[in-house]
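2 protein chains.
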Amino acid sequence: MPALPDLSAIEALDAADPLRAFRERFVLPEGVIYLDGNSLGAASHAALAELDTAARQEWSQDLIRSWNTAGWFDMPVKLGDRIGRLVGAAEGQIVVGDTTSVNIYKALHAALALRPGRNVIVAESGSFPTDLYVAEGVVSTRPGTSLKLEGVDAPAIEDLIDETVAVVLVNHVNFKSGTLRDMAVLTKRIHDAGALAIWDLCHSAGALPVELDAAGADFAVGCTYKYLNGGPGAPAFVYAARRHHDNIVQPLSGWWGHARPFAMETGFAAAEGIRRFQCGTQPILSMRALKGALDIWDEVDMQALREKSLALTDLFIALVEARCGQYGVSLETTCARASRGSQVSFAHDHAYEVMQALIERGVIGDFRAPSTLRFGFTPLYTSYRDVWDAVAVLEDILASGVWKEPRFAVRAAVT
Amino acid sequence: MPALPDLSAIEALDAADPLRAFRERFVLPEGVIYLDGNSLGAASHAALAELDTAARQEWSQDLIRSWNTAGWFDMPVKLGDRIGRLVGAAEGQIVVGDTTSVNIYKALHAALALRPGRNVIVAESGSFPTDLYVAEGVVSTRPGTSLKLEGVDAPAIEDLIDETVAVVLVNHVNFKSGTLRDMAVLTKRIHDAGALAIWDLCHSAGALPVELDAAGADFAVGCTYKYLNGGPGAPAFVYAARRHHDNIVQPLSGWWGHARPFAMETGFAAAEGIRRFQCGTQPILSMRALKGALDIWDEVDMQALREKSLALTDLFIALVEARCGQYGVSLETTCARASRGSQVSFAHDHAYEVMQALIERGVIGDFRAPSTLRFGFTPLYTSYRDVWDAVAVLEDILASGVWKEPRFAVRAAVT
Numbered sequence: 001m002p003a004l005p006d007l008s009a010i011e012a013l014d015a016a017d018p019l020r021a022f023r024e025r026f027v028l029p030e031g032v033i034y035l036d037g038n039s040l041g042a043a044s045h046a047a048l049a050e051l052d053t054a055a056r057q058e059w060s061q062d063l064i065r066s067w068n069t070a071g072w073f074d075m076p077v078k079l080g081d082r083i084g085r086l087v088g089a090a091e092g093q094i095v096v097g098d099t100t101s102v103n104i105y106k107a108l109h110a111a112l113a114l115r116p117g118r119n120v121i122v123a124e125s126g127s128f129p130t131d132l133y134v135a136e137g138v139v140s141t142r143p144g145t146s147l148k149l150e151g152v153d154a155p156a157i158e159d160l161i162d163e164t165v166a167v168v169l170v171n172h173v174n175f176k177s178g179t180l181r182d183m184a185v186l187t188k189r190i191h192d193a194g195a196l197a198i199w200d201l202c203h204s205a206g207a208l209p210v211e212l213d214a215a216g217a218d219f220a221v222g223c224t225y226k227y228l229n230g231g232p233g234a235p236a237f238v239y240a241a242r243r244h245h246d247n248i249v250q251p252l253s254g255w256w257g258h259a260r261p262f263a264m265e266t267g268f269a270a271a272e273g274i275r276r277f278q279c280g281t282q283p284i285l286s287m288r289a290l291k292g293a294l295d296i297w298d299e300v301d302m303q304a305l306r307e308k309s310l311a312l313t314d315l316f317i318a319l320v321e322a323r324c325g326q327y328g329v330s331l332e333t334t335c336a337r338a339s340r341g342s343q344v345s346f347a348h349d350h351a352y353e354v355m356q357a358l359i360e361r362g363v364i365g366d367f368r369a370p371s372t373l374r375f376g377f378t379p380l381y382t383s384y385r386d387v388w389d390a391v392a393v394l395e396d397i398l399a400s401g402v403w404k405e406p407r408f409a410v411r412a413a414v415t
Numbered sequence: 001m002p003a004l005p006d007l008s009a010i011e012a013l014d015a016a017d018p019l020r021a022f023r024e025r026f027v028l029p030e031g032v033i034y035l036d037g038n039s040l041g042a043a044s045h046a047a048l049a050e051l052d053t054a055a056r057q058e059w060s061q062d063l064i065r066s067w068n069t070a071g072w073f074d075m076p077v078k079l080g081d082r083i084g085r086l087v088g089a090a091e092g093q094i095v096v097g098d099t100t101s102v103n104i105y106k107a108l109h110a111a112l113a114l115r116p117g118r119n120v121i122v123a124e125s126g127s128f129p130t131d132l133y134v135a136e137g138v139v140s141t142r143p144g145t146s147l148k149l150e151g152v153d154a155p156a157i158e159d160l161i162d163e164t165v166a167v168v169l170v171n172h173v174n175f176k177s178g179t180l181r182d183m184a185v186l187t188k189r190i191h192d193a194g195a196l197a198i199w200d201l202c203h204s205a206g207a208l209p210v211e212l213d214a215a216g217a218d219f220a221v222g223c224t225y226k227y228l229n230g231g232p233g234a235p236a237f238v239y240a241a242r243r244h245h246d247n248i249v250q251p252l253s254g255w256w257g258h259a260r261p262f263a264m265e266t267g268f269a270a271a272e273g274i275r276r277f278q279c280g281t282q283p284i285l286s287m288r289a290l291k292g293a294l295d296i297w298d299e300v301d302m303q304a305l306r307e308k309s310l311a312l313t314d315l316f317i318a319l320v321e322a323r324c325g326q327y328g329v330s331l332e333t334t335c336a337r338a339s340r341g342s343q344v345s346f347a348h349d350h351a352y353e354v355m356q357a358l359i360e361r362g363v364i365g366d367f368r369a370p371s372t373l374r375f376g377f378t379p380l381y382t383s384y385r386d387v388w389d390a391v392a393v394l395e396d397i398l399a400s401g402v403w404k405e406p407r408f409a410v411r412a413a414v415t
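Chains as they are written, first to last, in our numbering: chain A, 1 to 415; chain B, 1 to 415.
Source of the hints: derived by calculation from the structure; they are not laboratory data.
One thing to keep in mind: the hints can contain errors.
[What the hints assert, rightly or not] Calculated pairs, EDC-like style, for lysine to aspartate or glutamate (alpha carbon to alpha carbon, straight line, at most 16 Å):
{"id": "1", "chain 1": "B", "residue 1": "Lys188", "chain 2": "B", "residue 2": "Glu163"}
{"id": "2", "chain 1": "B", "residue 1": "Lys188", "chain 2": "B", "residue 2": "Asp213"}
{"id": "3", "chain 1": "B", "residue 1": "Lys176", "chain 2": "A", "residue 2": "Glu211"}
{"id": "4", "chain 1": "A", "residue 1": "Lys176", "chain 2": "B", "residue 2": "Glu211"}
{"id": "5", "chain 1": "B", "residue 1": "Lys188", "chain 2": "B", "residue 2": "Glu211"}
{"id": "6", "chain 1": "A", "residue 1": "Lys188", "chain 2": "A", "residue 2": "Asp153"}
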């Protein structure tokens, strides 16, 4: 461990940061250090401007004509291609729409249909839960299919992958610990067993370079409201490798996935390519905010993003361990850079109360039950000084014991 | 047929219209007579204001805290209750979210699960197509289940309802002809055969009083971007009668439908009540525009709405038949008020070209293949004078033959 930097070293890091100009593109509240962009990304001026145009011109003035003139109908595939650059997918393999949960449902059905005779879905007990809930839903409609979980049925996911397995649904970065899986290695292991891989990119898309095509991934899903900054509940996306397109069937076969949606035919005929993952009419206003957010992403060098992300998390880990280690915080995220996403989690016996005290002081991270303090680092708008200042507040809260005040223990219905 | 009104009679109708003040609540483009609110409803000042607050304050400034402080998480059920008043559903039976197509999928699965041993879904060949496409998708995941269509397997839907039928999926108002079904009568016929009824309200919610509870409907779905004016692609809704709630299972079992979504449990446990129809995180910006639209609906007397709707469509039919009948237009919508929604369709051999000529002149209706001119009448912002003026333009286009000019035959990719 090198010597801890001092404030002048921190300021030098910010001055030399090649991404620092991006911060001005975002609308950040005064007096807040926002370390929760891994849950809801910040608003950008571009997203707000697109939303205004969509609402005040296209909807209000142009009305129904905007489906053509403003390109509303093609937005899901056009935005999908732009996300593709960030996650290593060549054109025509990603479509934006619906929710991550709904897209997992489609991808699981599609994968099972591609592996007839195999009837096991493998997932992780430490997965973001909706992945498991949706897998249960898929199992409920396919008699004979079952779900096996890493951490329940076997200690490691590799131990579950055999000739009965049709598909492995795996999180690229764990939502709680921030641990990053090696996509290429695990995908190869899955393929060697004859199964297919679905990667959940919710905590890696926009957080680090993802290489879906290069890793040979079969399917992927992800959300756009975390690191991609698309806005609260912005539409999700789904990726399918081109080699599968002609054989994809999925049961959410709504009219937007039809080959000729406006011919109003009685029978379903799947669209060519990734469009067959579409189902119904998408929320255009939310999608237009996402378009604005992606305008910024078009300019981002993903390697520079990753370097800053690792530098920010290195710094945060080092500062917290040095200054706060004596107060009962312990690192949950791996120290190894190759296995780290863009978030850092520390355990504390009173994590809920400590996080509430941090939020009161303007340092916004989040709490994950039972004992995790989770902090997300978004290189486009987080500075090294933010990290420095956040740790100073955390140290003060822990040293003073202010978190023990009763008001910090009052839990809201939703956290 | 009474004598046709003259312009002074039209002006008197507008002056006496109890709903006329609502028009000022909407943002309508200059020089346009908008008769396509049955496809995309107009923007309101309230919807735009809610959208601004959601984007510029809640997202931009309050960020992740808005899930609690701005009530984002509960919006789907709160907005559902407000739609409930418009469609005759007591509280706790409607939730807003996802798309109509996705909600049909959930409702069909739920209905089939409630009728074990029955394996036929009945629908209409003249249905809005996505209903049929989704029913095909459901059938594809449930071996032994089949789909039978009115207009293909039998001339009338009643002839298909027997003891093999689990569920009948039926459009309340036909998207093309505007024909309104008698919900109470058909639901009773369905129940007498031991089956369940799913009503698609896309073209009746906000167009006329709907009485889901009184009719004994089992499930219903609908969209919010047509008569409800929620914005392009605004989230859809799904209704389930309370008597079914405890026994509802549907396979899109994402985390928003979990009894304890933030406990992050590994196994799925369905939420109580209508929340179990939820799946994933919803598009908050789009949902907030809908909230603004519903603020207006809270003030609307649905009987007054229906009376004006029928008066507008009566007037339009009478004027078009009197002035344009000689030019090859023929009414497709029924004349009987009891069977009429809030739209009127006329057939014309060159409907596409005529509609393009109308749009060029600022009268916006829409075309439905192969030969339908479709006009929607939205009592909150359509005046009697609009009807008068629209017919004058139609008459002029038909009498002059201007629609024969080649430019009107050029078809856009999406209409």
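**Request:** Could you grab the alpha-carbon distance between Lys188(B) and Glu163(B) and see if it respects the 16 Å cut-off?
**Result:** Roughly 14 Å separates the two Cα atoms, so the pair holds.
**Asked** Are the Cα atoms of Lys176(A) and Glu211(B) separated by 16 Å or less?
**Response** At roughly 46 Å apart (the allowed maximum being 16 Å), Glu211(B) and Lys176(A) break the hint.
**Message:** Lys176(B) and Glu211(A) were given as a pair; does the straight-line alpha-carbon distance stay at or below 16 Å?
**Reply:** It is violated: about 46 Å lies between the C-alpha atoms, which goes past 16 Å.
**Request:** Decide if the proposed pair is consistent with the structure: Lys188(B) and Asp213(B), CA atoms, cutoff 16 Å inclusive.
**Result:** Holds, at about 12 Å.
**Message:** Does Glu211(B) sit within 16 Å of Lys188(B), going by the straight-line distance between their CA atoms?
**Reply:** Measuring from Cα to Cα gives roughly 14 Å; hence the hint holds.
**Message:** Hinted pair, alpha-carbon criterion (16 Å max): Lys188(A), Asp153(A). Please report holds or violated.
**Reply:** 21 Å, violated
Of the numbered hints listed earlier, those contradicted by the structure are 3, 4, 6.
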